[in-house]
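Q: Sequence:
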Amino acid sequence: MAAYRGTTVIVKPEQLTTGAMKRALEKILYDPRYMENAKLISRMMKNKPEMGRDKFVEWIEFAAANKGLHKFLNLPGNDIGVMEYYCIDCVLLLLFALFAVSILMWKIASMFLRIVCREEIPSGKLKSN
Numbered sequence: 173m174a175a176y177r178g179t180t181v182i183v184k185p186e187q188l189t190t191g192a193m194k195r196a197l198e199k200i201l202y203d204p205r206y207m208e209n210a211k212l213i214s215r216m217m218k219n220k221p222e223m224g225r226d227k228f229v230e231w232i233e234f235a236a237a238n239k240g241l242h243k244f245l246n247l248p249g250n251d252i253g254v255m256e257y258y259c260i261d262c263v264l265l266l267l268f269a270l271f272a273v274s275i276l277m278w279k280i281a282s283m284f285l286r287i288v289c290r291e292e293i294p295s296g297k298l299k300s301n
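197 is the number that the numbering used here gives to position 25 of the sequence shown; each next residue is one higher, with no gaps.
Do not rely on the hints blindly, as some may be mistaken.
[Unchecked claim] Mimicking BS3-like on lysine-lysine, the simulated pairs with C-alpha atoms at most 30 Å apart in a straight line are:
#  : residue 1 : residue 2
1  : 227       : 243
2  : 218       : 239
3  : 227       : 239
4  : 199       : 218
5  : 220       : 194
6  : 184       : 199
7  : 227       : 199
8  : 184       : 227
9  : 184       : 194
10 : 211       : 199
Keep in mind the hints are simulated off the structure, nothing from the lab.
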């Protein structure tokens, strides 16, 4: 963006050498166009119609001068309910999913343990009463 406005020179990383840096610095320091463009942009920034501090002070003064302003400048967030504000629906869905996955893992682990720990009865020696 600065190169487009004529206030700087871009030196690509693959072309970064002492000579390239020297040429870029000499171009910026000794070419009057760069100084003129920098001064123009500086003047534009100083004369900007709305500075941040001025805008802040203006809104504070406006709010102080107009009592009851909160009735007219409500944000849409003031109208949402508790369920939407705290995302309770999302939290409940995540808790349900966590609970379902936990139960599923418990069932799989118990089936696995039942299969691994099962005592096998030898085929030739069946006990009879």
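Q: Give me the numbers of the hints this structure contradicts, sorted from smallest to largest.
A: Of the numbered hints given earlier, those the structure breaks are 2, 5, 7 and 8, listed in rising order.
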